[in-house]
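Visitor: Going down the list, the sequences are from chains A and B. Each step along the first sequence adds one to the number in our numbering, with nothing skipped, and position 107 is 1148. Each step along the second sequence adds one to the number in our numbering, with nothing skipped, and position 29 is 22.
Any given hint could be a false lead.
Unchecked claim - DSS-like, lysine-lysine: derived pairs with alpha carbons at most 25 Å apart: (1) K1525(A) - K1548(A); (2) K1515(A) - K1525(A); (3) K1222(A) - K81(B); (4) K1254(A) - K1222(A); (5) K1254(A) - K81(B); (6) K120(B) - K215(B).
What the hints assert, rightly or not - According to the in silico footprint, chain B covers these stretches of chain A (three or more CB under 8 Å from chain B): (7) 1235 to 1248; (8) 1322 to 1332; (9) 1429 to 1440; (10) 1480 to 1491; (11) 1502 to 1508.
Unchecked claim - Away from chain B, derived, C-beta distances all over 10 Å, residues of chain A: (12) H1074; (13) E1130; (14) T1189; (15) R1231; (16) I1359; (17) E1393; (18) D1454; (19) K1517.
Derived from the structure by calculation, the hints contain no laboratory data. Even for Gly, the Cβ is constructed at its ideal location relative to N, Cα and C.
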Amino acid sequence: MIRSRFAVGAGFVGAALLTTALAAPALAEEPRHGGILNFAVGAEPPNYDCHANTSFAFTHPVRPHYNTLLRFVPDNYPEVEGDLAESWEVSEDGLTYTFHLREGVEFHDGSPFTSEDVRATYDRLRDPPDGVVSIRQASYSDIEAIETPDDHTVIFKLSGPNAAMLANFASPWDCIYSAEKLAEDPNFPRQNILGTGPFVFEEHAAGSHWIGKRNENYWDPERPYLDGYRAVFISGAPMVNALSAGEVLAEFRGHSPADADRIMQQLGDDGVRQEGPWACLLSVALNVEKPPFDDVRVRQALSLAIDRWGGAEALSRIALVRDVGGILRPGYDYAASNEELESLPGFGRDVEANRAEARRLLEEAGYSDLSFTFTNRNVPMPYTPVGVFLIDQWRQIGVTVEHEQLETRLYTDKLLGDELEAGLDYACDFMDEPSIQLIKYISADKSAINYTGSIDETLDRLYEEQSRELDVEKRKELIRKFEKHLLTQAYQFPTIWWHRIIVHHDKLKNWHITPSHYLNVDLADVWLAE
Amino acid sequence: MLAYTIRRILLMVPTLLGVAILVFLMLRLMPGDIVETMLREGGGNVPAHVIEQERVRLGLDKPIHIQFISWFGGILQGDFGASMWTGKPVLHEIGSRLELSLQIALMATFLAVLIALPLGTLAAIFKNTIVDHVIRVISIAGLAIPSFWLGMVIILLLLTFYGWIPPLTFTSFFEDPWRNLSQLIWPAMAVGYRYSAVATRMARSSILEVMQEDYIRTARAKGVYERLVVARHGMRNALLPVITVIGLEFAFLIGGLVVTEQVFNLNGIGRLFVQATTRGDYTMIQGLVLLVAVTFIMVNFLIDMLYAALDPRIRYK
């Protein structure tokens, strides 16, 4: 079947409707060319290599220089459309992906883009040479061979069906690099920018700002609309002030409710507020290799003690969290419905009954006077309020918890080390996809981000099965089994899902919120009103 | 005077060496390293072998003494190494921010001296009068109000009343003086006020103390005009402790404006310090600590030279 647009998973309708509704007024206006977009970025990337980065600090300033093979449609997440691929076909057995590439595309240095560039890029991603970092290497381990029958066709042969493959080809991290430059130096992208994207790199003033200017030879003659952009590295109160004063027109990660209100109040009619669910989750990770968390009753008690429904409502007023969900984002097609959730341990609506059961479990396990240290990240939003909330919930079943908030480096070190007792873990992904989100929960010897030390063959088997299952309903069934088993074992359990709020100046047009802050940042489609 | 100068210069060497060893060892005692922050900050599933590969690339797998020899050997040749975060030379990273920090330090010092010397002198001359009381209130308020708080108030006032905030990115004074000053005058004022309060208090007490000396009484007894007594005999001697305070405050401002730089979104040395520490960028922190140490040593050296110039008894000793 030939595709030029494709919805990855059928159930993103809610998010799609939300963004479409919000986008309606902007779509009615005629795009205008010109202008420089100033926007804020709360942090700065360590290097320029898409394949070696994981933070929004990278995607926001750097992605406008690059294209990927596919991309998520800016105003209709999770629909996928061609970026450098004009169309594509997937074989019936799901083992062959054939991409037909755009012709006449050039890198910013004038060299032509061909299928060899795609091959070199994906070879680097799946089998990086010595000294090259490819963080998402595992996502491409099913690629057996890459063939380039001509300059504008590339064929990926897979060793087995992979339900996440198409989404991976739209990953914002898979910037297409020049094969010629990679042959000269596989680490060329680390310190250099050379893409085919809508904007050409102009300047990176370390600690200050990043500038891109319009690519006059862009393959889409209509785009980009902007003459250029300037990403200013600024965070916290100064960023809120800068937005309020109109010095920057947007910040694309997200604001706390209080900051969003303040900016809107200052901007008045000039402000636009977009919000929606966020594919980010804070979960509690327990070190199951040591007492008391090697006892499933203690783990279950801690999960049962949390009033997720009441907490979500209260916390959403002060923090950027809102929805109760399981291991997948609420609203996503593969996520549990509220009815399904309520039948899972720790998600029942009768909080008092849950807590009575939690006390009983603790007593039975011999930990009636349980106390432990809870490690958290010293990032105020949303880590601190959620951490404080959890400690209060546990206090209500007689558990004493010390809140230890550490800077990111020390926090990560603690999560990875043997000294961890319990911690607030986080995961933010570029899209909703079970194979990406569930990897956190498979055995610790298979997942670098399972900090609990848990080894569970059932979860490993279910993970593998769902990743190979192309039938939506069968896959859902496997995911439900995975979720139930995980939440019963409670090695780690979800708290409350994030909620994304973006406030931007009305001058910025045709930007649409998505459930991921890594998406929709190539700036090809946005324009500025006069 | 030459022997005195050489002696002071030679004393700098062991101080710098001590600082270098101390900062290097202390950083290695801290848990966690930059690779975790760099690769796992976004929460990605980064395999352990990738983390290890990066540690090897950055030389973090080598024994500490080898790392030290490599780093210190580079410094002796003028190479401070590359930032572990950006991969760019440490001197380049510091250099790109030094102009801003230096300018704020100079502007704040200028403001402080401009305010402190006349106010301190007036307060001493009109001791226990209304003039003295008003000046003391102003200076005590300056000491009590943190610079960053004053900075926040300035920003909020500008935003509320004018819907304007200072430019977000730095422009060199030589490129666009107006834009440069419209960004830096506000932090210079916020910092300079506290700075001037310290210097005013010091100037007042120093002048009061000097004015009790026998040589002042002798000058007065000889019938020298009071203005000349204060300017020629009082001020010159009273300046010594004031110069010390001004010098040390100036050195502090080069790397110490951490919160003020955050409030005004200034890309200076203080902010770089915080970023490097948060990330665990060892080479950058080492370079910055050495820079601050050199600044303090140089300022102290200059103060010593000024002491010697102002008070011959010091150089004769």
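Visitor: Which numbered hints turn out to be false for this structure?
Guide: 1, 8, 9, 11, 15 and 18
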